[in-house]
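What follows is each chain in one-letter form.
Protein chains: 2
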Amino acid sequence: MTTTTTRTSRRGLGGGLRATSKVLPEHARAHNRSLVLQHLFHEGPTSRAGLSRSTGLTRVTVSDLVGVLLAEGLVEELGTQPGRRVGKPAILVGMRTDAYQIVGLDLSDDTVLRGAVLTLTGEAVDRQVLPVDGRRGQDLVDLLARFARRLVASATRPVIGIGVGSPGVVDDTGRVVEAPNVEWSDLPLAALLTDRLGLPVHVANDANSAALAEYTYGGGGDSMIVLTVGKGVGAGVMVDGARVHGAGDAAGELGHVTVVEEGGQPCACGRRGCLETVLSAPALRRATDGLDAHEAEAVLADVGRTLGKTLAPVVGALNLGEVILAGPPELLAEPLRTAALETITARTMPATSAGLDLRMAALDDDVVLAGAAVLVLGAQLGVS
Amino acid sequence: MTTTTTRTSRRGLGGGLRATSKVLPEHARAHNRSLVLQHLFHEGPTSRAGLSRSTGLTRVTVSDLVGVLLAEGLVEELGTQPGRRVGKPAILVGMRTDAYQIVGLDLSDDTVLRGAVLTLTGEAVDRQVLPVDGRRGQDLVDLLARFARRLVASATRPVIGIGVGSPGVVDDTGRVVEAPNVEWSDLPLAALLTDRLGLPVHVANDANSAALAEYTYGGGGDSMIVLTVGKGVGAGVMVDGARVHGAGDAAGELGHVTVVEEGGQPCACGRRGCLETVLSAPALRRATDGLDAHEAEAVLADVGRTLGKTLAPVVGALNLGEVILAGPPELLAEPLRTAALETITARTMPATSAGLDLRMAALDDDVVLAGAAVLVLGAQLGVS
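The listed protein sequences derive, respectively, from chains A and Z.
Reading the first sequence from the start, the letters are residues 1 to 384 in full-length UniProt numbering.
Reading the second sequence from the start, the letters are residues 1 to 384 in full-length UniProt numbering.
Rather than coming from a laboratory, the hints here were simulated on the basis of the structure.
Built from N, CA and C at the ideal position, the CB exists for glycine as well.
With the C-beta cut set under 10 Å, the calculated list includes, among others, these residues of chain A facing chain Z:
no.	residue
1	Val177
2	Met224
3	Ala235
4	Arg243
5	Val244
6	Gly246
7	Ala247
8	Lys309
9	Asn319
10	Gly321
To list a few chain A residues with every Cβ distance to chain Z over 12 Å, as calculated:
no.	residue
11	Leu69
12	Gly134
13	Gly137
14	Gly290
15	Ala301
Please work from the sequences and hints to get the whole structure.
Following this line, the structure appears as structure tokens:
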């Protein structure tokens with residue numbers, strides 16, 4: 001799990017600042033600090049002069065910032081730059097991705113809480129699982145707080161924050177607007193946990209977390225959709241380098257779009273024939289159960305075509321560069337993946353589909369946990 | 001055509017600055033200037049003290065900025081605030097939306113160029129039309145430059161820039177990547193026209209311009225899609241307050257998504273059964289030609305259902321708050337509009353469809369011209 005691509009979101013270029021909040025000196029300092037960390041995070045060790053060139057900040061500003069970051073233990077000096085021949089040897093500065101840790105929590109499975117202690121680069125160094133035993137509502141909040149405390153205690157470095165990938169509709173402040181499966185409604189989960197744990201807690205929808213993880217750690221591009229396929233089907237959308245929230249914070253509810261015209265199966269949402277009724281892992285397993293390999297492939301390809309038909313308008317409207325499937329590869333990879341891609345290609349213009357990639361997630365089972373870490377990285381260090 | 005709503009895009013709040021470009025003092029000045037203009041543009045006349053309160057800038061900074069804007073003629077003093085009882089009477093400052101003008105050009109019709117001189121609030125004060133007479137390629141660029149020069153000459157105030165709504169795929173720099181109908185390919189239209197006319201020229205796709213216009217002048221929300229229905233079908237998407245560009249600058253190609261499963265009509269794009277083959281104005285006229293009112297309504301409702309099926313995954317994935325139809329109301333309003341809304345509602349979760357509005361565009365025929373004005377407002381004054 002490494003970081004490879006440079007993030008220069010289109011929204012951040014050119015005009016840059018949006019005219020909706022003032023620029024105070026402390027904002028500029030925090031922004032410049034993020035710039036330096038962002039560069040070191042994505043590009044690796046760099047000299048102070050190099051940081052000055054790439055960020056456009058003066059050398060004095062860079063030196064001051066690096067001094068503060070050294071004192072905080074967030075960066076370290078790594079010896080001199082190889083191959084440099086003239087002048088004073090330049091000392092490389094690198095981000096200490098092991099200096100702090102993040103606790104991530106994944107609530108996307110309704111039978112167990114999954115948790116991990118992660119490095120700043122999203123690698124899980126300690127994974128833990130706790131059975132939910134049917135807990136919901138306030139009981140589940142209590143269990144979650146105990147589980148988080150246990151994970152924080154098992155961290156081997158100071159924890160800079162806790163990220164949570166939750167089911168349901170979650171707003172910008174980490175309030176769970178609605179998550180019927182766990183009986184949460186209008187629950188200020190981030191605030192409650194912050195209060196109990198004494199650490200910054202950030203909460204987002206689980207599929208949205210997965211999209212953040214693929215974007216930050218999985219090499220995902222600026223315009224993409226991540227479909228999480230498990231017990232249900234969720235989606236997280238990134239557009240031009242920003243996570244899509246939607247008018248009511250409910251972006252990504254693609255699993256409950258009707259895709260079966262007649263005789264659709266009943267869905268958990270109370271309606272019939274939703275994408276989830278054909279694409280969820282249990283649905284795919286039921287549909288292929290007892291079939292020989294050839295028959296099973298035909299069934300999976302057929303679901304792939306249904307998925308392609310559903311995604312074609314989304315890909316066309318947004319000109320997405322990638323569609324990423326996160327879930328069991330034995331169900332989602334060939335032939336489902338190829339059938340979906342062929343269907344999208346056939347149903348959209350070449351200008352839309354020419355550069356389209358439809359692939360499996362890079363991060364497997366850790367995708368929601370890693371996304372929870374990205375929430376914390378972004379909020380606490382300004383790195384995305 | 002008035003401005004009513006406050007724009008506080010979600011992306012501009014909270015974190016605010018994105019860590020991808022540095023903050024220089026001149027950026028902060030330009031940003032603060034935009035803040036003041038943005039407030040006056042959307043909220044109307046305000047005292048210096050009021051500007052200081054709403055922007056968070058110090059009174060000294062606000063006074064300095066207002067001084068510069070007064071000298072430029074962009075704002076004016078408007079007498080004292082009514083109803084104020086204590087202390088020195090506060091002088092209201094208002095944006096002079098008539099101090100400068102914008103030239104807008106609409107190339108979405110393939111038989112005529114439409115142009116207008118517009119106020120800063122997007123009102124067309126002078127409209128002109130020029131037959132294209134089959135011109136394409138370089139000839140069309142020449143014609144466009146002459147037309148723009150004529151419009152600039154007819155302006156009654158200094159022109160701050162020229163905005164162009166063009167067919168085809170247009171990138172961030174105003175380069176037309178591809179517009180087959182007019183035989184433009186990889187054409188740096190904004191740069192060419194800027195060079196010839198000596199004024200800033202900004203170019204965007206016509207449907208994208210329409211989306212900007214509905215967002216800025218038409219009361220459109222932060223998350224919406226505008227469908228332009230004329231000879232063809234285009235779309236512009238706003239997500240969380242930002243225009244969607246897409247991975248290859250081709251966002252909005254919803255008109256060329258396949259919607260007819262079998263026996264679809266041939267489309268201008270060379271494929272069959274695209275949304276455009278059933279929803280374009282000529283297609284709707286052909287389909288209802290010679291039918292009685294009752295039969296025609298059934299046909300239009302059927303197209304509305306097809307549109308709804310196509311839009312449901314887009315609305316679900318993005319949690320759009322509005323779908324806006326720009327085009328002939330006699331074709332697009334009832335029963336097509338209602339059928340589309342009912343279909344989207346039936347095919348998405350209540351969390352998605354509960355707040356959804358599907359309505360006709362507020363700006364009618366001027367929508368692309370007004371959007372061209374928004375391009376200029378944003379780029380030249382930082383107002384959006």
